[in-house]
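J.: Sequence:
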Amino acid sequence: MRVLNRLLLSTLEQRVIDGVIVGASNEEELDRVAAALRSIRQHDPIRYNRLIRDLDHILVLEIEGAVGRFNEIGWLCKLSRKFVSDPSTTPALLASVIVHEATHARLWRMGFGYDEPITEKVERICLRREIAFAAKVPGGIPGQWAEASLATLPDYSDAAVLERTASNLDKTLLALGCPGWLTKVLVAFGRLLHRWRSFRKSRR
Numbered sequence: 012m013r014v015l016n017r018l019l020l021s022t023l024e025q026r027v028i029d030g031v032i033v034g035a036s037n038e039e040e041l042d043r044v045a046a047a048l049r050s051i052r053q054h055d056p057i058r059y060n061r062l063i064r065d066l067d068h069i070l071v072l073e074i075e076g077a078v079g080r081f082n083e084i085g086w087l088c089k090l091s092r093k094f095v096s097d098p099s100t101t102p103a104l105l106a107s108v109i110v111h112e113a114t115h116a117r118l119w120r121m122g123f124g125y126d127e128p129i130t131e132k133v134e135r136i137c138l139r140r141e142i143a144f145a146a147k148v149p150g151g152i153p154g155q156w157a158e159a160s161l162a163t164l165p166d167y168s169d170a171a172v173l174e175r176t177a178s179n180l181d182k183t184l185l186a187l188g189c190p191g192w193l194t195k196v197l198v199a200f201g202r203l204l205h206r207w208r209s210f211r212k213s214r215r
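Letter by letter, the sequence shown follows residues 12 to 215 of our numbering.
Be a bit skeptical, because a hint or two may be false.
[To be verified] Computed Cβ-Cβ distance ranges for the label pairs, DEER-style:
#, residue 1, residue 2, range
1, E38, I129, 17 to 25 Å
2, L18, G150, 16 to 24 Å
3, G76, D126, 28 to 36 Å
4, G124, R64, 28 to 36 Å
5, P56, V196, 27 to 35 Å
6, E75, V196, 38 to 46 Å
7, R17, G124, 34 to 42 Å
8, G188, P153, 16 to 24 Å
[What the hints assert, rightly or not] Derived DSBU-like pairs (lysine-lysine); straight-line CA-CA distance at most 35 Å:
#, residue 1, residue 2
9, K132, K93
10, K132, K147
11, K147, K195
12, K195, K93
13, K132, K195
In case anyone wonders, no lab produced these hints; they're calculated from the structure.
Glycine included, each C-beta is placed from N, C-alpha and C at the ideal position.
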């Protein structure tokens with residue numbers, strides 16, 4: 012997965028913001044992420060200082076079924092290109108998603124991963140941090156959906172998470188121009204790696 016992260020980063024324009032490497036397909040997307048980070052720094056400086064310690068990368072990529080995702084391999088926050096480039100996505104709204112994903116990073120560094128028994132609890136914590144940030148923005152954040160998400164959390168079983176992850180990886184690689192055969196190999200490898208990790212955890 013580290014190799015894949017390096018591959019993704021090599022295809023993107025990059026900017027370093029307070030030690031965090033931001034990657035996107037163009038300067039406009041980089042500017043939007045930079046504006047979101049400024050929003051966090053302005054409205055919640057304590058959280059911002061944690062964020063720049065917990066995240067190493069923020070990448071704008073093709074993502075299906077979510078506006079953001081965290082990957083502990085590379086301490087990476089992935090943001091949906093469609094969401095970032097949408098004119099209705101304000102800096103504060105994008106910032107709230109980054110706060111959510113950065114909370115995943117903070118919990119990972121504290122030893123709380125994404126194991127099936129605690130996955131829903133972890134998501135609720137991240138959503139509440141998102142809501143707490145939104146409350147600090149004057150006038151709130153139009154379009155911020157974290158409160159509704161608390162009542163409609165999806166299936167977080169290992170099997171469901173694996174299927175969503177594999178589907179997203181497949182679409183991301185194809186969008187980057189990765190050959191179909193190589194995409195299938197990498198997705199299959201990702202599935203095997205996930206199952207191996209789950210097996211090792213079950214043996215502890």
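J.: Next, verify each hint and record whether it holds.
T.: Hints, one by one, checked against the model:
1. E38 to I129: 17 to 25 Å: violated (39 Å)
2. L18 to G150: 16 to 24 Å: violated (41 Å)
3. G76 to D126: 28 to 36 Å: violated (21 Å)
4. G124 to R64: 28 to 36 Å: 18 Å Cβ-Cβ, so the 28 to 36 Å window is violated.
5. P56 to V196: 27 to 35 Å: violated (44 Å)
6. E75 to V196: 38 to 46 Å: violated (20 Å)
7. R17 to G124: 34 to 42 Å: violated (23 Å)
8. G188 to P153: 16 to 24 Å: violated (36 Å)
9. K132 to K93: Between K132 and K93 the Cα gap is close to 28 Å, so the pair holds against 35 Å.
10. K132 to K147: Roughly 23 Å separates the two Cα atoms, so the pair holds.
11. K147 to K195: violated (44 Å)
12. K195 to K93: Holds, because 24 Å separates the two Cα atoms, which is no more than 35 Å.
13. K132 to K195: Distance of about 32 Å is within 35 Å: holds.
Of the numbered hints listed earlier, those contradicted by the structure are 1, 2, 3, 4, 5, 6, 7, 8 and 11.
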